[in-house]
Amino acid sequence: MLTVSNQPISGRPRHVFPCHPTVLPPSAWSSSLSLTQTDSSAVEIVFVLQKQKFPWWSHSPDGPELSHMSKRERKREERGRRGRGEREREERERREREERGRREREREREGEKRRERKERERREREGERREKEGGREEIKREGGREEREKKRREERERERRERRETGSKTLAVPLDVYNELKSLPLDKAIDKLRALTSAQTKPQPVSDPGLTPDPRASRKPERSKSTCEETSRIIK
Numbered sequence: 001m002l003t004v005s006n007q008p009i010s011g012r013p014r015h016v017f018p019c020h021p022t023v024l025p026p027s028a029w030s031s032s033l034s035l036t037q038t039d040s041s042a043v044e045i046v047f048v049l050q051k052q053k054f055p056w057w058s059h060s061p062d063g064p065e066l067s068h069m070s071k072r073e074r075k076r077e078e079r080g081r082r083g084r085g086e087r088e089r090e091e092r093e094r095r096e097r098e099e100r101g102r103r104e105r106e107r108e109r110e111g112e113k114r115r116e117r118k119e120r121e122r123r124e125r126e127g128e129r130r131e132k133e134g135g136r137e138e139i140k141r142e143g144g145r146e147e148r149e150k151k152r153r154e155e156r157e158r159e160r161r162e163r164r165e166t167g168s169k170t171l172a173v174p175l176d177v178y179n180e181l182k183s184l185p186l187d188k189a190i191d192k193l194r195a196l197t198s199a200q201t202k203p204q205p206v207s208d209p210g211l212t213p214d215p216r217a218s219r220k221p222e223r224s225k226s227t228c229e230e231t232s233r234i235i236k
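Terminal number for the sequence shown in UniProt numbering: 236, no gaps in between.
Note that these hints are calculated values from the structure, not bench results.
Errors might be hidden in some of the hints.
Pair by pair, the computed Cβ-Cβ distance ranges are [to be verified]: (1) 158 <-> 180: 51 to 59 Å; (2) 152 <-> 118: 43 to 51 Å; (3) 183 <-> 152: 31 to 39 Å; (4) 156 <-> 196: 28 to 36 Å; (5) 194 <-> 136: 31 to 39 Å.
Ideal Cβ positions, reconstructed from N, Cα and C, are used throughout, including at glycine.
Let the sequences and hints guide you as you build the complete structure.
Here it is in structure tokens:
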């Protein structure tokens with residue numbers, strides 16, 4: 001353990017250095033250096049420094065490691081320190097800028113992924129909505145088509161029924177019958193017309209015997225006995 005004595009030596013001005021003495025070169029030591037071993041565990045080291053040789057020591061903020069340097073060396077070291085500090089600062093700022101850029105790029109990628117996911121979900125929802133609407137429209141179209149077909153069939157059936165029930169009918173009669181109808185009263189003329197109409201609508205008998213279907217044509221032709229015997233002989 002090394003300790004520095006606070007006792008003055010021969011009344012000269014002195015400085016007490018709170019540091020290990022090896023940081024000072026021998027040229028900084030004075031001739032008034034005494035080493036006193038107080039006990040087995042401690043050595044008392046007292047050294048006196050000429051104040052006029054190192055006037056900046058007590059005011060230097062750089063610590064005792066620059067005590068052995070000259071003013072030029074100290075200034076060069078200080079410039080180097082400032083240069084190193086500037087480089088360290090620039091390096092730190094560069095790392096911070098890179099880190100900020102990396103975080104910004106990550107945020108942009110996350111935002112792009114989020115926008116793509118939202119757009120994909122929107123397209124899926126739009127597709128589902130269009131499919132549902134398309135199905136509903138198809139159902140509506142099918143229902144409308146069926147309704148139109150039904151109405152069209154009903155309209156045709158109604159027109160046919162009206163024509164059959166209340167439509168005008170054309171009746172061809174000879175000229176003498178027409179003159180007779182003109183001479184008759186209205187009620188008798190109507191009765192005469194109804195009789196003529198019913199007579200024309202009744203089916204007329206077929207007078208041509210060639211057009212009458214032969215009932216024997218629907219029966220199967222009878223096989224002759226010889227043909228049956230021949231078929232049974234072949235099977236045997």
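Here is how each hint holds up against the structure:
{"no.": "1", "hint": "158 <-> 180: 51 to 59 Å", "in the structure": "37 Å, violated"}
{"no.": "2", "hint": "152 <-> 118: 43 to 51 Å", "in the structure": "49 Å, holds"}
{"no.": "3", "hint": "183 <-> 152: 31 to 39 Å", "in the structure": "48 Å, violated"}
{"no.": "4", "hint": "156 <-> 196: 28 to 36 Å", "in the structure": "30 Å, holds"}
{"no.": "5", "hint": "194 <-> 136: 31 to 39 Å", "in the structure": "57 Å, violated"}
Hints 1, 3, 5 from the earlier list are contradicted by this structure; the remaining hints agree with it.
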